[in-house]
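> First to last, the sequence lines map onto chains A and B.
For the first sequence, the working numbering assigns the number 1 to the initial residue and increments by one for each residue that follows.
For the second sequence, the working numbering assigns the number 1 to the initial residue and increments by one for each residue that follows.
If you are wondering where the hints come from, they were derived from the structure by calculation, not from laboratory data.
All values derive from a computational prediction rather than experimental measurement.
Treat the hints with care, since some could be wrong.
The list treats identical chains as interchangeable, and a pair is accepted whether it falls inside one copy or across any two copies.
To be verified - Below, a list of computed lysine-lysine pairs in the DSSO-like style, where the Cα atoms sit at most 30 Å apart: (1) Lys-316 <-> Lys-36; (2) Lys-330 <-> Lys-189; (3) Lys-317 <-> Lys-327; (4) Lys-36 <-> Lys-330; (5) Lys-317 <-> Lys-330; (6) Lys-290 <-> Lys-317; (7) Lys-36 <-> Lys-317.
2 protein chains.
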Amino acid sequence: MARKTKQGDPKGEGEFDIIARVFAPLAKDVGAFGLKDDAAILMVTEGEELIVTCDTLVAGVHFLPDDPADSVGHKALAVNISDLTAKGARGYAYTLSLALPPDISIDWLEGFAAGLKAVQEQTDISLVGGDTTASPGPVTVTITALGQAAHQHAVMRLGAMPGDRLYVSGTIGDAHLGLRLLRDPVLAKRWSLTENEAAYLVERYRRPGPNNALATLVRNFARAAIDVSDGLVGDIEKLCAVSHVGVAIDTGNVPFSEAAKKALAFDPTLLPVLITAGDDYEVVLAVSEKSVAGFESESEASGARFTALGTLLAAKKGVSVHDEAGKTLKIKDKGFKHF
Amino acid sequence: MARKTKQGDPKGEGEFDIIARVFAPLAKDVGAFGLKDDAAILMVTEGEELIVTCDTLVAGVHFLPDDPADSVGHKALAVNISDLTAKGARGYAYTLSLALPPDISIDWLEGFAAGLKAVQEQTDISLVGGDTTASPGPVTVTITALGQAAHQHAVMRLGAMPGDRLYVSGTIGDAHLGLRLLRDPVLAKRWSLTENEAAYLVERYRRPGPNNALATLVRNFARAAIDVSDGLVGDIEKLCAVSHVGVAIDTGNVPFSEAAKKALAFDPTLLPVLITAGDDYEVVLAVSEKSVAGFESESEASGARFTALGTLLAAKKGVSVHDEAGKTLKIKDKGFKHF
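Can you build the whole structure from these sequences, using the hints too?
Structure representation (structure tokens):
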């Protein structure tokens, strides 16, 4: 781990000491040298491919400045693992870059590391290196995660075919509702949520995934997959675009949690928001018709929840969204220009 | 490459369009899917180890806000390759995270990409993925670089032995003098520098390395190595500490450029500064006595310049620095507490 703090170190403790004390316990791989070197030396299992992904979270943009530190660590690692999961890859190693304002506290760093640790303990991934730097800007966390999958077993967005069944894991929209609750706690009462339901939504925003069972199911059954991070409809559109397929999504098939259903019952205009808001960190995958039975029985056995969204169509049919009455929904999300 | 800009995109162009146009040409590896996926799928050559390193540059901390954009791209990639070089590893692939303030221009991004491209063209490394995000803070660039080296051929800090010859590549202190010139251009005249000499020093600050020949020499001849990024003396101290050796460094042996010699002649108090300031991105390596002849002839043939700094001693002798008259130098650099 490089040492490049050119400004005041948090609370006067040297950066090296902070790294050693707070982050070194996360470096389980012998090739990480306890973060005492500038680089890690890793072996990739013979016949395995390396899956590489990178995500950055900025305070005030991707998380709230007063989110608990451990939730920031949790989320930073979980969103990267979500990308690996959608490739059917097991997490292996990650690097961590932290750009920190001068007023950051040791408490915050320890909380942040605890969040990383919680995710590590649910997966096989471990910290292998990184960099901490001082910054006059907000806390900025970048993780590059490496995963492994057997050669030619990694799953891409490309490869779905007309006739394939499209599934989504978990539930959609919870994280967005959790963020709304954090910004405006009065909404919990308006949506008639119990305390547990409100807490559940906030947790889904702060501490998504990881779900190890998903990667195995994706690897064994998916022809194509994508993680749902930018919004369900937009991410399905991306998978369809590169796979040259279309799909008609019935919003009646989209899986919502009991808490989200209450919010939707109070305010039906939330529907197009929840299916485009993102931050779900679920996975969408296409399963060929002949694999559907096997997939459904194995996913049930694994305890992972999957919901069928529809059957893929020829590309010329396009991607469309309609409600249970068959009425086409107009999606106005600016990142998604296809309606 | 993920798409997560939650604030205004530079000049109204969508982030996806920016990535496609500016950065996709840097994604040469077929497994990078032209940055159109959330993750890259890479093959690691059988029998090779993977070397992983990560460095972050923050505007105003690690580079000057008005440094040319291409020099920022150049430096961000070159400092990572420097870490790989010191491991004897060839550059292979890298991820790029860019946290960008709202007022960043397309021109800046294109210049930045040109700097990355210039370094890519001098090495075998290519962009495989990353993330661009909006940030209210300064430009923050994080690169995680992956290198390869034959199994058990990667070189660590650990492994130097008493009796080994210690070498350093290139020249030391140029980057620091370049930074001083950028901050106070009057110094060029005071130090009697020609225009070319002043430009050379600034270039060394802005566009260090990479030097491909170094990695091969490190891999074939070094028992231990470290890149000189935090200051020559401090980095030698780190190598010595983990290798359990000592060394007495005669400042008369430290290689300085003609330009640096002029500055030193004018102001001899610069000497302890130049050997501790860092940003050199050279490599220090320990060569066993029996390999010295082979190393010297191969390094000469490669055109790489190496200078012998001394012979490693037993650890109990410690690390010390003395001038040509034998007088011990007191080093006050705060990151380096051993004197």
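> Up to 30 Å between alpha-carbons, please classify Lys-36 paired with Lys-317: within, between, both or neither.
Classified as between: cross-chain Cα gap 23 Å, same-chain 56 Å, threshold 30 Å.
> Go through the copies and call it for Lys-330 and Lys-189: within, between, both or neither, with a Cα cutoff of 30 Å.
Within one copy, since 29 Å is at most 30 Å while 67 Å is not.
> Are the CA atoms of Lys-316 and Lys-36 at most 30 Å apart within a copy, between copies, both, or neither?
between (55 Å within a copy, 21 Å between copies)
> Is the C-alpha distance from Lys-317 to Lys-327 at most 30 Å within one copy, between copies, in both cases, or in neither?
For Lys-317 and Lys-327, only the intra-copy Cα distance (16 Å) is at most 30 Å; the inter-copy one is 82 Å.
> Give the relationship of Lys-290 and Lys-317 under a CA distance limit of 30 Å: within one copy only, between copies only, both, or neither.
Only inside one copy: Lys-290 and Lys-317 sit 23 Å apart there, 72 Å across copies, limit 30 Å.
> Which holds for Lys-317 with Lys-330 at a C-alpha limit of 30 Å: within a copy, between copies, both or neither?
within (17 Å within a copy, 76 Å between copies)
> Between Lys-36 and Lys-330, at a C-alpha cutoff of 30 Å, which is it: within one copy, between copies, both, or neither?
Cα proximity of Lys-36 and Lys-330: across copies only (26 Å, versus 54 Å in one copy).
Every hint from the earlier list agrees with this structure, and none is contradicted.
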